[in-house]
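Peer 1: Same order as they appear, the protein sequences are chains A and B. Going by this note's numbering, the first sequence opens with residue 1, and the numbers climb by one from there. Going by this note's numbering, the second sequence opens with residue 161, and the numbers climb by one from there.
Hint data in this document are derived by calculation from the structure and do not stem from the laboratory. Here the structure is a predicted model, which is why all the values come from computation and not from measurement. Hints should not be assumed to be uniformly reliable.
[To be verified] Below 30 Å or equal to it, Euclidean Cα-Cα: the simulated DSS-like pairs (lysine-lysine) are: (1) Lys111/A / Lys162/B; (2) Lys2/A / Lys162/B; (3) Lys63/A / Lys162/B; (4) Lys134/A / Lys2/A; (5) Lys111/A / Lys63/A; (6) Lys162/B / Lys134/A; (7) Lys134/A / Lys63/A; (8) Lys165/B / Lys63/A.
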Amino acid sequence: MKTTRDLIIDAVLLAVYLVAANPATTGLLIHEWVSIGALLVALVHTVLHWDWTVETARRFLGKLAVAPRWNLVIDAAALLAFITVMVSGFGVSRHVLLAFGYFAPGYFVWKPVHSISAVVLLALVIVHLAMHWKWIVTAVRTRVGATTTPRSPAPGQRRS
Amino acid sequence: MKTLKAAFAVIAITVVLSVAVYAAVAAVGSPAVTLPERVTTDSQCPVAGCTSASCHGAAPAPELAPGETMTCPKVGCEAESCHAADRLVSHYNEPKTSSLNLWILGLSVFTIAMIAISLYVK
Chain A
1 MKTTRDLIID
11 AVLLAVYLVA
21 ANPATTGLLI
31 HEWVSIGALL
41 VALVHTVLHW
51 DWTVETARRF
61 LGKLAVAPRW
71 NLVIDAAALL
81 AFITVMVSGF
91 GVSRHVLLAF
101 GYFAPGYFVW
111 KPVHSISAVV
121 LLALVIVHLA
131 MHWKWIVTAV
141 RTRVGATTTP
151 RSPAPGQRRS
Chain B
161 MKTLKAAFAV
171 IAITVVLSVA
181 VYAAVAAVGS
191 PAVTLPERVT
201 TDSQCPVAGC
211 TSASCHGAAP
221 APELAPGETM
231 TCPKVGCEAE
241 SCHAADRLVS
251 HYNEPKTSSL
261 NLWILGLSVF
271 TIAMIAISLY
281 VK
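Could you build all of it, start to finish, from the sequences and the hints given here?
Peer 2: Encoded structure:
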């Protein structure tokens, strides 16, 4: 149940992120509002894995396998990149801030920060996905297999 | 209760890091970078530095007519040869670099597809 919930939230986050990461395709209006949605889903994603984060951070300097150590480093870097994209995104915002009657001075300072951090974030998301690929494939295969392949009832049992 | 605590922790970290990122960029980009300002009819246009209410939509600035000047958003000068003038009329609010995102995504999909095919063939 927990894995299904995580899988759904991760799929939604990936879908929303992919839309937000391509402003040339969607236009700036959609890009800005969808990015705020991506921020909210990313926060939920982080909250759901908070126990693992705290536990791994606690053991980071002690005995810890290589994989979770790198996972934590990549995740922390991705969080920092995400926040930089978000803050600089408000700095270059054309629609969201204006919808509330505001504008942010310093467009030409924020613009390169936004572009560079967005590319760094995209690279980190790809690495993050690659590091969790086994879990994703297993989780999807288990769930898709469970819903599409009808299990034959054990001898002497009735199908409910 | 546990989830609520985690939510508070994540929000707190997000706020602290956001303030740190803002402070770092503001320190480097001062005085151009300030907190968001309310748009009023007499507030300065973020594009051209004029005080016309019509340009607050932050659309690309119009081409300069001979003899016209804009306030350069980088150094505050008013000259037709301002190094940012070309950006004001062409690059402003245009998502140019997103094509790089498409390249990265395309290459990733290609690599994953190649790995998947090689595993399938094996």
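Peer 1: Among the hints numbered above, which are violated by the structure, and what are their numbers in rising order?
Peer 2: 1, 5
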